[in-house]
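Dock chain F with the ligands against the given chain X, drawing on the hints supplied.
So the protein sequences, as listed, match chains X and F. Last residue of the first sequence: 1156 (the numbering used here), numbering continuous. Last residue of the second sequence: 1043 (the numbering used here), numbering continuous.
Since the hints were derived computationally from the structure, they do not count as laboratory data. Cβ coordinates follow ideal geometry from the N, Cα and C atoms, glycine included. Be aware that one or more of the hints could be misleading.
Computed footprint of chain F on chain X; a stretch qualifies when at least three of its residues, placed anywhere within it, have a C-beta under 8 angstroms from a C-beta of chain F [to be verified]:
| id | stretch |
| --- | --- |
| 1 | 982 to 993 |
| 2 | 1093 to 1105 |
Simulated DEER-style distance windows between Cβ atoms [to be verified]:
| id | chain 1 | residue 1 | chain 2 | residue 2 | range |
| --- | --- | --- | --- | --- | --- |
| 3 | X | 897 | F | 863 | 55 to 61 angstroms |
| 4 | F | 942 | X | 1127 | 40 to 46 angstroms |
| 5 | X | 953 | F | 1024 | 33 to 39 angstroms |
| 6 | F | 714 | X | 1013 | 34 to 40 angstroms |
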Amino acid sequence: MISAKNITVTIGARKILDDVTFDAAAGKVTAIVGPNGSGKTTLLRAITDEIAHSGTVAINGTDTVTMSSAALSTVRAVLPQSGTVAFPFTVLELVRLGLTAGRSVADLRMLDHLPHAALKRVGLDGFEGQLIQGLSGGERQRAQLARVLVQVWEPVLDGTPRWLFLDEPVSALDIGHQLVVMNIARAFAKAGGGVVAVMHDLNLTSMFADHVTLLHDGQVRVSGAPDVVFNDTDLSACYGCPLRTNTAPTSTAPWILPQSAILTPEAIQ
Amino acid sequence: MAVGHTLAFQQAAPMAGDRRIRARVTQVMLCGALVLTMLLSLGWGAASNIDVIGALLARLGLAEAGPVDMTIVWDIRMPRMITGVLVGAALAVSGAVMQGLFRNPLADPGLVGVSAGAGLGAVAAIVLGGLMPVAVQQITGGYLIPLAAFLGGWASTLLLYRVATNGGQTSVATMLLAGIALGGLTGAVTGVLVYAATDDQLRDLTFWGMGSLGGANWVKLYSASPVILATLVTAPFLARALDALALGEPVAAHLGIDVQRMKRIAIMSVAASVGASVAITGGIGFIGIIVPHMLRLAQGPEHRMLLPNAALLGAIVLLLSDMISRVIVAPAELPIGIVTAIIGAPLFLWILIKNRSMLGI
Ligand SMILES: Nc1ncnc2c1ncn2[C@@H]1O[C@H](COP(=O)(O)OP(=O)(O)O)[C@@H](O)[C@H]1O
Ligand SMILES: [Mg+2]
Chain X
888 MISAKNITVT IGARKILDDV TFDAAAGKVT AIVGPNGSGK TTLLRAITDE
938 IAHSGTVAIN GTDTVTMSSA ALSTVRAVLP QSGTVAFPFT VLELVRLGLT
988 AGRSVADLRM LDHLPHAALK RVGLDGFEGQ LIQGLSGGER QRAQLARVLV
1038 QVWEPVLDGT PRWLFLDEPV SALDIGHQLV VMNIARAFAK AGGGVVAVMH
1088 DLNLTSMFAD HVTLLHDGQV RVSGAPDVVF NDTDLSACYG CPLRTNTAPT
1138 STAPWILPQS AILTPEAIQ
Chain F
683 MAVGHTLAFQ QAAPMAGDRR IRARVTQVML CGALVLTMLL SLGWGAASNI
733 DVIGALLARL GLAEAGPVDM TIVWDIRMPR MITGVLVGAA LAVSGAVMQG
783 LFRNPLADPG LVGVSAGAGL GAVAAIVLGG LMPVAVQQIT GGYLIPLAAF
833 LGGWASTLLL YRVATNGGQT SVATMLLAGI ALGGLTGAVT GVLVYAATDD
883 QLRDLTFWGM GSLGGANWVK LYSASPVILA TLVTAPFLAR ALDALALGEP
933 VAAHLGIDVQ RMKRIAIMSV AASVGASVAI TGGIGFIGII VPHMLRLAQG
983 PEHRMLLPNA ALLGAIVLLL SDMISRVIVA PAELPIGIVT AIIGAPLFLW
1033 ILIKNRSMLG I
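Next up, chain X with everything else stripped away, as it sits in the complex (with noise of 0.2 angstroms):
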């Protein structure tokens, strides 16, 4: 369980965030999504303790400004949605630094495989020996996933659930490599573990998100499972343009069609 309770971030004179309240549930999949700026990077390094905020957060019931960065590390793995790596490591030596992240050095014996089976998770076996600055914008996208994953490897451990905090892990991808992450996603939820992901991608998140929290502004503006978030209103209102939900082909899940830009609100209505 991740609670987050009346985070506001200012900085300099603007509030980013306005009194957030952010719940999420181990087991399942929890998309925050909303327009450019309204937020969501933002929320998600507040709630990973990155920068400083008002309002408090817990993680499976603990307060995390009581834990260590060592103690996070064993139950949490964050993904940025971008960054630099300052020196020509390679793919398999960036997976590794995940891997050391809280274990013994007798344990990490033992998983010397767990990067090579992140790798090949994310469709990357064979580039364990490139340098990460010689690869695409998505692969390094996906480098940068294994590297999370082999973190929290397994979702829960000793009884306690795990999470992954993702900002936009997709945004890079094809539409083949997107399936595979959100299935990573999905998988790791399924397992016991807790996914909180920053998500662009309306369709996709209605598809593999249990739970939706959708920004405006720096505030929540509507906050519930995909079918009740991903309603005309609310979108139109927070995109600033004509959207209209209907049924996905093969499915219930809400699917959100864009509107023409010659069709005005009007002629939706």
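Structure of chain F with the ligands alone, referenced to chain X:
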């Protein structure tokens, strides 16, 4: 990320398989090379026909050696050689640690004003030390200069980090520019102190400029070596943290690193090793940038193997530079800083050109 950056790295290190094995092999070769260089350095000098091996064994009671041989090997060349090993190792390791901390391959204690800060501390101790009450002088003794050099190095590293780092990311341009400012300022203050110095003190001061192992003796070595050894022993414990820091401060924290604590230790260890080195040999440039860079090309950037191998290669490079400095204008001696600059500066420019697109300058 620019394409040129990518290509530079690909050309620099065509990769296959696990670089850890390569690092191990490199380590073994460097160990062998260091032992050879150490012996060579003992046998190298104006006085030829010195029975080095005999003098070494005589100490252990395993052979006989003449008093001249004993004096030259044990009182002149041995402290100089050990100084070279320790200072070379300290400079290379502190360069590697600093580059890890600043997340870029151009951070070098000499280049960004840390050595200058340490030098200022040392000069201040030499010039102003005599003004202190005798009792204080007796307590601090031979440690005053290393201590002052450490404080100068620490203050400048801290200042530099504060100025150049924002939100856990270091700006290369800011770092280099701040380094110029810092170097200029410490240079100016040092100049003022030199004005105030007596003739005796001036002789002590002349060698700060270019650096030299010529002034090495057992007393200086005893005062500086504990600090240098302590930082050399501490450095490997920073390895995982420095690797993680390559991904940025927030990611390092998520990987379980106590980033603030780690940064404090890294800054202290850079300041201590640079301070202690500067205190006994003056400022010697470029070792801290060239050695880690060559090793990253050979074995990759993982600090677990980079730091120990940098210590080994740094020692070798400084000993070799010292040997060159002793023969090139024989019987006189060239300051060793000139040798490291002549070799290091062009290499540095080459690194700069290779990484231009990455650095955005
Ligand atoms: N460090 C910062 N300084 C000033 N403004 C910031 C900072 N970080 C984020 N913002 C602003 O806060 C708003 C929300 O940013 P962010 O959370 O990154 O949005 P997104 O929902 O697209 O992830 C944006 O308008 C952004 O400009
Ligand atoms: Mg964002």
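For each hint, the structure was consulted:
Counting residues of the stretch 982 to 993 of chain X whose beta-carbon sits less than 8 angstroms from any beta-carbon of chain F gives 5, enough to reach three: the coverage restraint holds. For the stretch 1093 to 1105 of chain X, the proposed coverage by chain F is not satisfied: 0 residues have a C-beta within less than 8 angstroms of a C-beta in that chain, short of the threshold of three. Between residue 897/X and residue 863/F the CB atoms are about 32 angstroms apart, so this pair departs from the stated range of 55 to 61 angstroms. Against the hinted window of 40 to 46 angstroms, the Cβ-Cβ separation of residue 942/F and residue 1127/X comes to about 41 angstroms, which satisfies the hint.
Checking the proposed 33 to 39 angstroms range against residue 953/X and residue 1024/F shows it is violated: the Cβ atoms sit about 56 angstroms from each other. The hinted range of 34 to 40 angstroms is satisfied by residue 714/F and residue 1013/X, whose Cβ atoms lie roughly 36 angstroms apart.
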